[in-house]
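Two chains, two frames, a set of hints: combine them into the complex.
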Amino acid sequence: MTDDITTRIRAIIAEQAMLDPDQITDQATPADLGIDSLGLVESIFAIEEEFDISIPFNANEPEKSEFDISNMGTIIAAVHRLVADKAG
Amino acid sequence: MSKPLDEALIDAGRAAPAIQGGRDLAGRGGLRRVVITGAGTINALGHDVASTMQAFRDGRCGITQLEFRDVDRLSIQIGAQVHDWTPETYFNRQQILLYDKFTQFTLLAAKQAVEQAGLHFQGALGLRSGVVLGTAGGGLNTWDENYRAVYEEGKNRVHPFVVPKLMNNAAASHVSMEFGLRGPAFTVATACASSNHAMGLAFQMVRSGAADVMLSGGSEAMLCFGGVKAWEGLRVMSKDACRPFSANRNGMVQGEGAGVFVFEDYEHAHARGAEILAEVVGFAMSSDAQDIVMPSAQGAERAITGAMMDAGLNREDIGYINAHGTGTAANDKTECAAVAHAFGHHADRLMISSTKSMHGHLIGGTGAVELLACIMALRDGVIAPTIGYQEPDPECALDVVPNEAREARVDAVLSNAFAFGGLNAVIALRRV
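If you're matching them up, the sequences are chains A and B in order. Sequence positions in the first sequence follow our numbering and run 1 to 88. Sequence positions in the second sequence follow our numbering and run 1 to 432.
For reference, chain B alone in the conformation it holds in the complex (with noise of 0.2 Å):
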């Protein structure tokens, strides 16, 4: 006697969960599992993840005056930039002409986390693997360099290799070919939601089985006279600190560098025995449809309450949020509203914390150095404090670890990006 038809569905359903569309526990619709395998960074805090976790637990602030031509005619004259950045240390001659900066900082980021995952891409893994970057400015300081030469000092030739060092893709290209990561490989930008929107993509293929390990992260050099000079016509920009959620902060301090990270097969991973940071659980992307500057609280709630749903985690599940927090006025007080509703009570027990006071904000590259924020609040339960704070602002009345990195143990975690254009991208991962 046949069952009736719902009934023996469901049946089908337990037993075979991969070609089932919903999120049983038995094999999450077939869905892979995503860790994370290796990560690399190098920003204003540090050439390294170590250096920077150190300076997140000391709240070390990497923000100094800025060092560059023509820095005199900036009215904005700060800024978290690398120092001691020594490419010959790292490339070639015939590297070190055709990688921009920002095809630099990501190549040795990218070298950081592949050493740490220890993987070879030899054969049938480089044609299963990948690599997916963000960044906003691409070869900015190529553009500055070339229209200097042209437009300022009257030259008409210039070197060979201005578009491929300047291009958007540049670095996402180069690391395909350090590595031989011949799957997907492309650059995402959207802004200062350029890693973020970079680092879901790439758990989305993995997860989806579309590639085994995809490199992730993003990149940025956009510390140069013409990249501050535009940023300075909004006035946006802070001239003395970062201070984000503080109620006398007075704008953004932007950065520069990069993170990436090995995004793995959890089997892959498990199966060769890889330490695991920690696992990517869900992603969320929504478009505020609104203004092309201005924020809307309702676009980055739906976000994050997207990646929650995403990984099947409820709110009260999230212990620490890595906010966008820029320090702008508008910024802060609408992401603090965002998470508030979306959160609702459970807002008042979570930590949220802007790392960007400290290694300031790195565009297209911010989502992936602050990452290593929510790697080391899972990993070594501590939470990157949120420095430069002073003064309390009730439309921010949160708690934003102010100044002073904290021990607590936190089991998931949420990193927000909000780009102008009104690009929202948040990630969500979990203790393994």
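The shape of chain A in the complex, shown without the other chains (with noise of 0.2 Å):
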């Protein structure tokens, strides 16, 4: 069962990546999918624009940001924090 907020995550990705929505799975990383660090910093800013969230992310230390990007699944969920924070 995919909720809303995730498909239209998987749906950002796909367009970056030129890929089937399916194939968005969890355990793909930004490279698996072909995305490199120009490519993320775009899709970090649609999934900004497409929720009206702001993403702590410094492509400098991405391993030292708030925003997990080590996954498709580790973006998802942390997508979905930062909603239910806006929301809260």
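Calculated from the structure, these hints are not laboratory results. All figures in this text were calculated on a predicted structure; none of them were measured in a lab. Yeah, the Cβ is synthetic: ideal placement off N, Cα and C, and Gly gets one too. Be aware that a few hints might be false.
Said to hold, decoys possible - Below, computed lysine to any residue pairings styled on SDA-like, alpha-carbon distance capped at 20 Å:
id, chain 1, residue 1, chain 2, residue 2
1, B, K239, A, F67
2, B, K239, B, Q65
3, B, K155, B, G226
4, A, K64, B, Q65
5, B, K229, A, D68
6, B, K229, B, S75
To be verified - Short derived list, chain A residues pointing at chain B, Cβ under 8 Å:
id, residue
7, V41
8, N60
9, E61
Said to hold, decoys possible - Have a look at the derived ranges for each label pair, beta carbon to beta carbon:
id, chain 1, residue 1, chain 2, residue 2, range
10, B, G118, A, G34, 43 to 51 Å
11, A, G39, B, V71, 26 to 34 Å
12, A, G39, B, V158, 34 to 42 Å
13, A, G34, B, N248, 58 to 66 Å
14, A, G34, B, E115, 50 to 58 Å
15, A, H80, B, Q94, 52 to 60 Å
Next comes the structure, spelled out in structure tokens:
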């Protein structure tokens, strides 16, 4: 069962990676999907715009950001939290 | 009895080196020597060369909380801003209406440089002199203020001087007018390498004989809401400090200001007894032809080795490099890889520092302010430090002159600039 937020994130990533949304698995890393650093920054911007949220992400130290970009699963979970924080 | 043709050509070359294409010591293929006889600057560290160099010696940081309209709407709120800037001290009302801040900075630096050089450009010298400057954003404050007026405030009328203020060549044109420089005059825009490209071209023009004196350098005044907001988008800016080569670096910090130099034919300078600050001996440029933002070590290395070849210097001759050293993860490791590969074992002996840790990244003006650190190294034997250095990074394992200036005698130096767009420009200077 996939919720609306997850579907919308997968659609954004799929467009960036030029893949089918079904191929955006939770285990896939940005690199697996062929998304380079500039593509990642672009994807994060698109997610911010889609959900009207602000994502804390510095390309110089991605591992230190509160926004975990290890794979699609962590990205989707982080966006869920940010959307919930905004609503809360 | 006639000599074999090749021997005859060699003899002819000895007798008249000017017609030879090679780089013989007698005449360097007819190329002239180029020296720096004046320098001027305004930046976050000071409003002149002396105060800037003192800050380099002290390892003082010019990065502070930004102060301008709408700064509270930025997620990046630090920068190396010029403080206590009062244009009315230097310009009249009409000039202030006509000069964007990047032009104001340029004119102040140019006046200092020309005054130090002691040159007057009336008559023939003005016809044989010019100006080539670098800037990336040009009159960005003017764009910002007037877009705000028409879009945000809904005004339907702007000041008549908007276009002559904002155009990227405005500063070069005003310098030309101010001093009567009637030869080559133009502006180079290659993002973060603009000043180095400009100074390299000025060097080539004096060296080739196309001009006797060239004013060169660059300026930037991008610290306004729109200028910083645009950079925020890339997510490469630091929110707290510029720490080049440090393992915990987290991005670049923007600066503003200008640097302008007088590049003069050595014979001309020598004949009039001018004080020579340093000699410009080589320049090379290259393009990565690869990626619009990610740097290439190979492209950088080609510019580094090219500048040394152009100067006729061996790598062992280079004692100091003023790094591009932006403090981003990508630039600093790529630059160190390029230097390590270009210099081999000598990479462990030379010093390399990033003064952006103090004056911030002046984008199109940065190479000009950084050339001051090169002049200080050659003339005063003081190497400007990389401040904010906290943790060694194995990917930047060079002597980055951490945190404190160092006394050292160096005979030749390089200044690196590697721009977005993959455009690289490296200048070589030598002590005179």
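Going down the list of hints, with the structure as the test:
{"no.": "1", "hint": "B:K239 / A:F67", "verdict": "16 Å, holds"}
{"no.": "2", "hint": "B:K239 / B:Q65", "verdict": "10 Å, holds"}
{"no.": "3", "hint": "B:K155 / B:G226", "verdict": "18 Å, holds"}
{"no.": "4", "hint": "A:K64 / B:Q65", "verdict": "23 Å, violated"}
{"no.": "5", "hint": "B:K229 / A:D68", "verdict": "24 Å, violated"}
{"no.": "6", "hint": "B:K229 / B:S75", "verdict": "8 Å, holds"}
{"no.": "7", "hint": "V41", "verdict": "5 Å, holds"}
{"no.": "8", "hint": "N60", "verdict": "4 Å, holds"}
{"no.": "9", "hint": "E61", "verdict": "5 Å, holds"}
{"no.": "10", "hint": "B:G118 / A:G34: 43 to 51 Å", "verdict": "60 Å, violated"}
{"no.": "11", "hint": "A:G39 / B:V71: 26 to 34 Å", "verdict": "30 Å, holds"}
{"no.": "12", "hint": "A:G39 / B:V158: 34 to 42 Å", "verdict": "38 Å, holds"}
{"no.": "13", "hint": "A:G34 / B:N248: 58 to 66 Å", "verdict": "30 Å, violated"}
{"no.": "14", "hint": "A:G34 / B:E115: 50 to 58 Å", "verdict": "57 Å, holds"}
{"no.": "15", "hint": "A:H80 / B:Q94: 52 to 60 Å", "verdict": "59 Å, holds"}
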